[in-house]
Amino acid sequence: MILVNGEREGRVSPLDRGLLLGDGLFETLRVRQGRPQLWPYHWARLTRGLEHLGFPQLRETEVLDEIARVATLPACMVRLTVSRGEGPRGYAPPAAPALTRIVSAGPALDDTAPTEREPLSLGWAAVPIGVNPALAGLKHTSRLEHVMARRSWQPGWDEAILHDALGRVVSATQGNLWLREGRTLLTPPVDQSGIAGTRRAWVLEHADRFGFEVIEAYPEPARIEGVDALYVSNARIGMTPAVLSEGDKRGSAWQDDPLYPMGIALHEAD
Numbered sequence: 001m002i003l004v005n006g007e008r009e010g011r012v013s014p015l016d017r018g019l020l021l022g023d024g025l026f027e028t029l030r031v032r033q034g035r036p037q038l039w040p041y042h043w044a045r046l047t048r049g050l051e052h053l054g055f056p057q058l059r060e061t062e063v064l065d066e067i068a069r070v071a072t073l074p075a076c077m078v079r080l081t082v083s084r085g086e087g088p089r090g091y092a093p094p095a096a097p098a099l100t101r102i103v104s105a106g107p108a109l110d111d112t113a114p115t116e117r118e119p120l121s122l123g124w125a126a127v128p129i130g131v132n133p134a135l136a137g138l139k140h141t142s143r144l145e146h147v148m149a150r151r152s153w154q155p156g157w158d159e160a161i162l163h164d165a166l167g168r169v170v171s172a173t174q175g176n177l178w179l180r181e182g183r184t185l186l187t188p189p190v191d192q193s194g195i196a197g198t199r200r201a202w203v204l205e206h207a208d209r210f211g212f213e214v215i216e217a218y219p220e221p222a223r224i225e226g227v228d229a230l231y232v233s234n235a236r237i238g239m240t241p242a243v244l245s246e247g248d249k250r251g252s253a254w255q256d257d258p259l260y261p262m263g264i265a266l267h268e269a270d
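The sequence shown runs 1 to 270 under this note's numbering.
Derived from the structure by calculation, the hints contain no laboratory data.
Since the structure is predicted, the reported quantities are computational estimates derived from the model, not experimental observations.
Please note that a few of the clues may not be correct.
[Stated by the list, open to error] FRET-style restraints, in silico, Cβ to Cβ:
1. Glu118 <-> Pro261: 17 to 23 angstroms
2. Glu60 <-> Pro133: 37 to 43 angstroms
3. Arg89 <-> Gln33: 42 to 48 angstroms
4. Pro133 <-> Leu21: 15 to 21 angstroms
5. Leu21 <-> Glu181: 26 to 32 angstroms
Note that beta-carbon positions come from the ideal geometry of N, C-alpha and C, so glycine has one too.
Use the sequences and the hints to build the structure in full.
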C-alpha cells in the first residue's frame, strides 16, 4: 500500500519539488507488529530536518497513523518521504509550502537476528561524495551521489566504503561505518557529509553501557585494514559485522565478537 497525503494510491504532482529538485527528506523505518523501531530517533531526526529546510512541522499522530496503515506485514520496512510540495519555477521555495507526504511499505528483506548473519563483504566505492555542511547529517532526498557510488560496486560486494571529495572516509554507501579497536569504536563525523543514522545515534547513546568508548574521527584507509573489526549500521540491518572483500574472513563468529551483546540489544530495541 502507498499513501500520498493520507490517500491510498494517491498521486504526486509532476510539479512537486521533491521530484524536480530533490527538495525533501525521508526516513526508512523497520516496523515490527505495527511498531516503528527506534521511532523517537527517527522522529527527532525528521523534525530537525524539517526545521533546517524551512518546512512546516508534521503532526506526529498523523504520521504514525499512516505508518500503521501501510505496515500490514508482521515485519516490514516503511519509507516516509516528505517534500516541499508544488512550487513556482526556479529554486526559490514557496512562502507557504503545502508538503507532500508519501508513506509506503515493503517486505523487511532481512529480518534475521544478528546471530544468523554472515559479515558483509566491503569494497571501496569509486565515486566520491561532496562536502556540504549545510546538508550534512540530513536524510535528504538528493541521493544521486549515492546512486553513482552504488553503481561502482563490484560483483560479490554487499557494501562499499565511501570517501568524500577531500579523500576522507565518511561512511558506507547505505549506512554508517564503524571500526573497532579493542573496546574503542571509531566512526566518521557527520557534520560535513554523510547521514546522522538512527542506529548510529543509538550506539552513541548506549555504547558506554556495554563497555565501549566511541570516538568520532576520520580513519585513514590503512587504519581500516588493520582494525580488529568493521561494522555497518542502518535501519534495515541494525549493526552488522563487515570485512574487506580482499582477504575475506567470513568464517569468523559474530557471537565471539565483544560487540555482539550490543548488536543484539540494538536489534531488539524499541
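Task: Structure versus earlier hints, numbers of those that do not hold, lowest first - done: 2, 5
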